[in-house]
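In UniProt numbering, the protein residues as written are 1 to 220.
Some hints could be false.
Unchecked claim - Straight-line distance between alpha carbons at most 27 Å, and here's what the computed BS3-like set of lysine-lysine pairs gives: (1) LYS170 / LYS125; (2) LYS57 / LYS178; (3) LYS169 / LYS105; (4) LYS67 / LYS178; (5) LYS140 / LYS99; (6) LYS67 / LYS57; (7) LYS57 / LYS105; (8) LYS105 / LYS176; (9) LYS140 / LYS178; (10) LYS67 / LYS105; (11) LYS99 / LYS57; (12) LYS178 / LYS99; (13) LYS169 / LYS125; (14) LYS125 / LYS176; (15) LYS67 / LYS99; (16) LYS105 / LYS178; (17) LYS125 / LYS140.
None of these hints come from the bench; they were simulated from the model.
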Amino acid sequence: MTNTRRRCRLMWSGGRDLKHISNTVPVCVSIRESWSGNSLGETRLANAQSVHIPRVKLGTQGLEVSKLGFGSMSFSGVYNGPLPNEDGISLANANQALKHLPREKVQLATKFGLGGLNFPIIQVKVTPEYVRSCCEASLKRLDVEYIDLYYQHRVDQTVPIEETVGELKKLVEEGKVKYIGLSEASPDTIRRAHAVYPITALQIEWSLWTRDIEDQIIPL
1 MTNTRRRCRL MWSGGRDLKH ISNTVPVCVS IRESWSGNSL GETRLANAQS
51 VHIPRVKLGT QGLEVSKLGF GSMSFSGVYN GPLPNEDGIS LANANQALKH
101 LPREKVQLAT KFGLGGLNFP IIQVKVTPEY VRSCCEASLK RLDVEYIDLY
151 YQHRVDQTVP IEETVGELKK LVEEGKVKYI GLSEASPDTI RRAHAVYPIT
201 ALQIEWSLWT RDIEDQIIPL
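Whenever a hint applies, use it, and build me the whole structure from the sequences.
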């Protein structure tokens with residue numbers, strides 16, 4: 001077994017790789033195309049064939065996802081740098097993992113909108129040309145024909161949201177994106193975006209400590 005395959009199989013210990021559970025575990029994957037960081041852990045699924053994760057509707061446009069999703073921001077290198085192989089998985093390619101699962105059973109979400117990331121400076125870029133180039137690049141890196149849910153990572157005050165969503169609408173019509181999402185958007189931005197094309201999901205902070213979105217955003 002190659003070192004790359006060994007790393008991927010560590011996600012499912014006991015010699016089980018993703019293809020062994022693909023028929024019983026529908027998953028929603030929110031993913032970065034490659035990441036570095038700590039070990040994914042030796043998750044034990046002794047009875048993988050009996051695992052069932054409930055599914056729910058996300059938004060009102062028909063997208064259905066599992067209640068349990070897998071996010072990979074913590075592996076992105078934002079919070080920490082790469083670790084030696086001896087300490088765990090230091091590099092994993094999402095497209096290799098996706099090859100072991102039936103595409104229709106994975107709801108894949110990813111983002112665009114950051115032209116540069118050099119904390120504490122974040123460059124937001126959401127021009128129509130950049131939207132398309134990001135989508136094409138993600139499809140190539142992930143080796144998939146479409147993205148289920150494509151998020152605008154941040155709102156750019158210098159680019160009208162109508163222009164950005166207008167390009168996303170074209171990507172939907174071309175079959176490269178199925179559903180559109182926004183991140184950290186104001187009520188007015190959400191309304192304007194939704195007028196161009198239906199918005200399926202919104203990523204925004206909502207917790208016991210942060211309740212302000214309940215007044216204007218949740219009612220939308």
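(request) Please write out, lowest number first, the hints stated earlier that are contradicted by the structure. (result) No numbers; nothing is violated.
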